[in-house]
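Heads up: the sequence lines are chains B and Z, in that order.
Taking this note's numbering as reference, the numbering of the first sequence is continuous, increasing by one, and the terminal residue is 301.
Taking this note's numbering as reference, the numbering of the second sequence is continuous, increasing by one, and the terminal residue is 1540.
Derived by calculation from the structure, the hints in this document are not laboratory data.
Note that beta-carbon positions come from the ideal geometry of N, C-alpha and C, so glycine has one too.
Possibly wrong hints are sitting among the right ones.
If you want the footprint, here are the derived chain B segments under chain Z, 3+ residues with CB under 8 Å [claimed, not checked]:
(1) 128–139
(2) 245–251
(3) 283–293
Here are the computed distance ranges between Cβ atoms for each label pair [stated by the list, open to error]:
(4) Z:G1287 / B:T228: 53 to 61 Å
(5) B:P158 / Z:K1083: 52 to 60 Å
(6) B:G159 / Z:D1164: 32 to 40 Å
(7) B:R57 / Z:L1358: 55 to 63 Å
(8) B:A277 / Z:R1406: 20 to 28 Å
Some chain Z residues close to chain B (C-beta under 10 Å, calculated; not the full set) [what the hints assert, rightly or not]:
(9) T1044
(10) E1052
(11) A1229
(12) R1254
(13) L1264
(14) E1415
(15) P1418
(16) Q1470
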Amino acid sequence: MYLGEGEQDPGVVAALRHQWGLDRPLPVQYVDYLRNALSGNLGFSIHSGRPVADDLRHYMPATVELSLLSFVIAVVLGIPLGVLSGARVNTATDHASRVGSLLFLSMPSFWFGLIVIYVGYFVLGWLPSPTGRLGMTDTAPPPVTGLYLMDSLLAGDPGAFVRALWYLLPPAFTLALPSLGLVVRMLRSSIVEVLGQDYIRTARSKGAAARSVLYRHALRNALIPTVTVLGVQFGLLFSGNVLVETVFSWPGIGAYLVQAISWLDYSAVMGCTLLIAVLFVAVNVLVDLSYAALDPRVTYG
Amino acid sequence: MMARFTRREFLRHTAVAAGAGLAATYAAGVREAGAAASVPNADTLFYGVYWEPVNLDPHAITDWGSMWMLDNIYEPLLRYQTKQVNGQTVGTADVGPHLARDFNASKDGKTYTFRLRQGVKFHSGDPLTADAVKYSINRMLTVNLGPASLISKFMDQKSTTVVDPQTVRVALTRPCPFFLKLLAATNTGAIVNPKTVEAHGGTQPGKFNEWMSRNTDGTGPFKWGTWTAGQEFDLVANDQYWAGTPKLRRVAFRVISDFATQFLLLKRGELDIVYRLPPDMTTQLIGNPDIVISRDSGIGMHQIYMQNRMKPFDDVRVRRAMVYAVDPFAINRAAAFGLATVARSMLPSGLEGFTPSLWPYKHDPEKAKALLSEAGYAKGFATTIAFNAGNTEREQTAVLAQASLRNVGIDAKVEGIPWGTFVTNYQDGKMPLFVLSGLELPIVDNYVNNIFYSKSAGAKGNFAFYSNPQADRLIDRLLATVDPQARKQTVTELQRVLNADVPSVPIYDSLLMYAHRGWVKGWVLYPSGNWYFFPVEKRA
């Protein structure tokens, strides 16, 4: 599309360059960017016409909601499956869970997303339409936090909560699969290893119930490597859902990033990257802190 | 060549693999959706899009997404008319009265008088007056962005006078044969409400109005509704519309960036209409009883641009060899599934003065080889054809051209480039060959001035960086010529020059293509590419 451009006035161009600080040396521009970023000013997005920080605030809740739910799915399904698999080594359950988790782990999640949409939505008509956070005719709950699940509860509208959850489940499940596979495999091998340890034999010989041995003695010790992996995965969930968001028309940071890249919108791309990096680091700090809760030997002075 | 699977291809391959087992279920699913078709949500049109508007200030916009919104919010004095062809309503490039009840032109083609329609109100309730028309025209000239670029050559701030509250006179500084057509463009001709504009920052030279870039107050059948960035935006019916209440209460645009998803949603009947699905998906919809494919030729050319300043394309013999080497019919079959109108001129077929009989080329590899060896490239050369990644129509075109070029000894690499980089590259003239299709106003002067004038080289539209003083002279002459016969002669002469020079390889007229549910009635295609949702309706 080219409807014709106005004459480019060199004066206007120079004024713009000055306004955007493009006439200063690169190191100065960089320091300026850092200083502005620290005060929450990430620059101006050329494709949305708004400050990047505002855009990120706008797109963030959708990504947070999606990532949190897929994290919950990965943990809630992954840990029991891993334990089950580890406790029943080389049984049919174990084989099934190992093959399944390998499949989940190795399958590109956007591809699985397409299968979910094609079969679940298009052919069978069981799943909600891939139209983002709600269906065509639904209206969003009054915005408070931007998280639809939270907002619908705050508005006292359980119907809206169920609807929002319904639309959230397919992308969240899709996004969760690789993490789920990883958790199952990690936990299984840790459990197998821990179950061979001396203290487990001791626990058993003193007559502790098999259940108690598994959950109180084995799981707790086996969980530490899994938690480390979960921390990394949690960071990846935020950054790695660009494709899943695109496939499900999910209006999150990933979708925004894709738009920004195709518009060569550098401020927006840098803003997204910075945000993802900060989140990644923050989550990993939290993970490190959680070791203390799992393992009394770990203390932070 | 892109080795990677696109997501869409993945979907298609998956569908094929799962084919046998799913075929029965699939058919049943589609029938079910069809049978339940008692037109769901009949008062809302669901439109699947992958873009969002950029700016809602009509006198500043240059992008189609914004234009399509404003087509329904702001109105010009005149508008492109429709005609009946085989019982179907089709849009034309001829203008007729709209906000002006009638108009007349002086004999010398310099003075135009418009009498306004009575009882037209802005969305805010203020009446349309001659003062508003004068204000709007002068605002467009003061803002002086894209929409003013051509018209400002023919008028200034003093041109428009208010005769009486319902009559406006425009005295041009020199005759302009396409003045009325320019005035019919939504951005150039939009009538805004002076009270609203002045209450929100007014008009500043060279700048759009911040408030107006997000808010509107027009006279059109729809008002701007809510806009949730990245998700949805909508147009809401204006019950006070002068031509009657719109049948649609709402036009809801859903941002769905993946075409495969748009395709599925349309098939399930959740989307009512989508624009320019990739041709391979469109052909899958042909024969579907629930879906109508509307297509027409737009004012624009799907073409392989050659960088005229770059070796070897600075040699006209090489450019001619390229035109002989590439088979536009084969590309039409592969990239547009035979739906497009193959080029017979450097001008799109919808423009005034289009003369296909002058076109000297046909697919002829032998002639191409002869021309190449004459130019000193008997052994051919290596080059690259670029397209914007994700556009399957352009990718197909590049791939087919690659095969044809190999037959004449030219070794072309095909390269998909992200949109932003692609635009920068072609505006700066950095790519030897690239595939692009445009859409322009139905005004031949505007078209040739943008695409072929040497001073428009680069971002203004002459992406081939074509420069021929003879062509420039003819374009200058055309812009100053009013007499229809003389204009036709000038356009013909210009086509002779362009046909000889072939600044690019024209393939076919840009394809306007919509896929919509059968229950969408009254959707009319205009060669100018505008979207008018009045009087569209949904019914069985």
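Hint check:
| no. | hint | verdict |
| --- | --- | --- |
| 1 | 128–139 | holds (count 8) |
| 2 | 245–251 | holds (count 5) |
| 3 | 283–293 | violated (count 0) |
| 4 | Z:G1287 / B:T228: 53 to 61 Å | holds (55 Å) |
| 5 | B:P158 / Z:K1083: 52 to 60 Å | holds (55 Å) |
| 6 | B:G159 / Z:D1164: 32 to 40 Å | violated (58 Å) |
| 7 | B:R57 / Z:L1358: 55 to 63 Å | holds (58 Å) |
| 8 | B:A277 / Z:R1406: 20 to 28 Å | violated (46 Å) |
| 9 | T1044 | holds (7 Å) |
| 10 | E1052 | holds (8 Å) |
| 11 | A1229 | holds (6 Å) |
| 12 | R1254 | holds (6 Å) |
| 13 | L1264 | holds (5 Å) |
| 14 | E1415 | violated (16 Å) |
| 15 | P1418 | holds (6 Å) |
| 16 | Q1470 | violated (23 Å) |
In summary, the structure is inconsistent with hints 3, 6, 8, 14, 16 from the numbered list given earlier, while agreeing with the others.
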